[in-house]
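Chemist: So the protein sequences, as listed, match chains A, B, C, D, E and F. The working numbering numbers the first residue of the first sequence as 1 and each following residue consecutively. The working numbering numbers the first residue of the second sequence as 1 and each following residue consecutively. The working numbering numbers the first residue of the third sequence as 1 and each following residue consecutively. The working numbering numbers the first residue of the fourth sequence as 1 and each following residue consecutively. The working numbering numbers the first residue of the fifth sequence as 1 and each following residue consecutively. The working numbering numbers the first residue of the sixth sequence as 1 and each following residue consecutively.
Hints are computed from structural coordinates only; laboratory data are not their basis. Everything numeric in this text was worked out from a predicted model, so none of it was measured. Worth double-checking, as some hints may not be accurate.
Note that identical chains are pooled: a pair holds if it fits in a single copy or bridges any two copies.
Said to hold, decoys possible - Derived pair list, reagent style DSS-like, types lysine-lysine, alpha-carbon separation capped at 27 angstroms:
1. Lys78 with Lys40
2. Lys153 with Lys78
3. Lys155 with Lys40
4. Lys153 with Lys40
5. Lys40 with Lys159
There are 6 protein chains.
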Amino acid sequence: MRACYPGSFDPLTLGHLDIIERAAPLCAHLTVAVVHNPSKQTLFSLAERQQILENQLAHLGNVSVDHFSGLLVEYVRKMDYQAVVRGLRDSSDAPIELQMARLNREMLPHCETLMLAAAGHLSHVSSSFVREIARLGGPIDQLVTPFVAAQVKQKLTSKEAS
Amino acid sequence: MRACYPGSFDPLTLGHLDIIERAAPLCAHLTVAVVHNPSKQTLFSLAERQQILENQLAHLGNVSVDHFSGLLVEYVRKMDYQAVVRGLRDSSDAPIELQMARLNREMLPHCETLMLAAAGHLSHVSSSFVREIARLGGPIDQLVTPFVAAQVKQKLTSKEAS
Amino acid sequence: MRACYPGSFDPLTLGHLDIIERAAPLCAHLTVAVVHNPSKQTLFSLAERQQILENQLAHLGNVSVDHFSGLLVEYVRKMDYQAVVRGLRDSSDAPIELQMARLNREMLPHCETLMLAAAGHLSHVSSSFVREIARLGGPIDQLVTPFVAAQVKQKLTSKEAS
Amino acid sequence: MRACYPGSFDPLTLGHLDIIERAAPLCAHLTVAVVHNPSKQTLFSLAERQQILENQLAHLGNVSVDHFSGLLVEYVRKMDYQAVVRGLRDSSDAPIELQMARLNREMLPHCETLMLAAAGHLSHVSSSFVREIARLGGPIDQLVTPFVAAQVKQKLTSKEAS
Amino acid sequence: MRACYPGSFDPLTLGHLDIIERAAPLCAHLTVAVVHNPSKQTLFSLAERQQILENQLAHLGNVSVDHFSGLLVEYVRKMDYQAVVRGLRDSSDAPIELQMARLNREMLPHCETLMLAAAGHLSHVSSSFVREIARLGGPIDQLVTPFVAAQVKQKLTSKEAS
Amino acid sequence: MRACYPGSFDPLTLGHLDIIERAAPLCAHLTVAVVHNPSKQTLFSLAERQQILENQLAHLGNVSVDHFSGLLVEYVRKMDYQAVVRGLRDSSDAPIELQMARLNREMLPHCETLMLAAAGHLSHVSSSFVREIARLGGPIDQLVTPFVAAQVKQKLTSKEAS
């Protein structure tokens, strides 16, 4: 199975990493695909988000990093992926994920979405919490890897300086 | 990926069939595994449920039918499956599925559960609705295949006669 | 609009009464239809549940009481109702109600289900809570009318005596 | 029953159309009421949204199109509607719909909200998905009528040209 | 137990008041803590929100009003509160509240969040509804106290005049 | 605050233990109250469930074990507790907990229910899962303490022998 795991990864969290490390063994190849949405402001640039992913996923032999803009199904069609991987943190993530999975299959019938349950101890981890806590000066060490934590702190320091 | 799709299949519905036909192309091999729970009364016997599945899944080259009793994770461990496939009919199925997926990973860490969204037009289809409607003499033609509908009617007729 | 409001009404609660009194003005005629399910044990007999309803709904000119057994859609078809009225106590009632509404439309396409939100102060009222609290000797005065409360107490007393 | 079906209709989707066509036979008259919110940016102007609705609902004899601004209950009071019609796409729509239905009844006690379940095959259809997919150049033919699809494409082309 | 009840209180609603009056008897001391978020626009200034709270809570002997900015857990740590009080209006409030409660305990292990169910007749009351209805000229008398209603009207009049 | 934590505790899980250990420091005294429901079959007798609790909670100075039958609010009234403690494992526990909390306040207005979020890594732990897994011969070491695991195994062995 050739699959992709799309997301903003702004930044990569322990929740994302858990899904990637668990999905990879099920796939012949897994592409982590960073969404590039020019009209949405992000903490890290597209290039930075890709670099962080490449650094952090180097230990996974069958995982590569890519990016796309526009419709996910167009990207899936072009790259000929068989499946899209998504994580469900809590049952409250299910409504929007089911709607998007159905919408995507309607546009591209063979495009299956495979949902994995986040590990229970990571069910509260999200990129937006990471950004918000870091901006308020709080600890993010239990939400991201040390490498990502350092990147976030450096980014926020350079932003304040500018 | 070698996966199994466990369930009672009492009887096989169009909802089950949709998940099986969509999951099969993602797997090297998919085993549809009928749960045998001696303490739970079913409309069809274990052998009957397996026969219906074998009849209805004959067109799928990489799908086979099996059964198990006891813990799902024990069966997964013994057969060395990499993943368990489950369908989500509606977002309200998510809470129990997440709980079971987490419980199973705690007992068998590499046992991943892959959840697929039921097609929207099948989101209300369940085996228990099939049995209840058939018992009340209603139409089940939009919930199961013609073959299964005939089996259900024959079974109910023979039960009433006895 | 000719509509029916089906239910077990075992017994009629203030929640049911609220839905009936609010739905009646929207209908040319509203039939409150007691489900008769011979295989399910109830506190009150079918005749008793109908009598309670007739007593309590006498002030509503365009409301009558009826009963049915078997499939709701068969009853709707036979009586030529245009709509089925249902109350949603809390958002957690929605999943099963949506499934049943879709299932019923699949069997009888013109059979619409109209869902009304229970009043907030009645969102915790259910017949099963009434029966359970009464059996444990607790107060049910805020869940049912004084007439129904008296009927419940009398019924439980006569059951214990027998 | 005189009812209204309020919404932004930016643009009209197959989901809206399904609710209108199913609610109309239950009403003496059904008014589709376009919300005019000057502080919210829309793809189509108020006049355009009304024109699309009038064009697409011409086959429904007892349906008319109107608009309102300000509080829905003020509009309902002024026009003396007996009920407000709303569609529930998925059970996850229920919480906000129940809150608004209760709030509206508190401000205008006889203002009933009748919720209908969207057809299962339309449960993932929303105006915001239509706009987002169209902006990204994707297909919207299974979400809106051909007439609306053409209007959306023309609108986006003229916006890009300007 | 020394606890705090954090929120924006923009403005204080009958829902907030209900939670405060019910939580206070359970606490040795309860601090109502107004969140000061400089990047978020509010109807009332921080000082105004605090004044309204002080006016409306004067009858509660063991309740005081405070404010904080930044991370809630930092404030809880500094003030040495044992618990954070939160209201659940409807079951749909639970997902975000559980996520935040878990996140806060991860950052400050002894920081417990105690959730209370809003009274049923207040389950649809929120500050954002109060602001929206008031802006549209609707009645807010059943959502806030007369004092708060007067403050809201005066504030909106002075804003329009400016 | 004098509070009680009611439940079946059939048997005590790590989820229960987590709630008790976190709630105890917030209370002057916390009573763990075992529900005795003669019409419901349990794995452990009332006496056994109390003994397990007493053994496992001996390290908590302000916690005692009790039991009750009948209505919870009657027990709360008699013992003059100020609050009832409940754990929410997942957001899907919220609907029934909110209904019961409201029902209990209606019968006993000062009876507050304080809901705590289960720790994320325990969100899938329930007594019924413990019993089911143990009956099927599976591992329960991550759901209960070693002491409870031994009690469960001994109980199931003695049941099979009888």
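Chemist: Against which earlier hints does the structure fall short, listed by number upward?
Modeler: none
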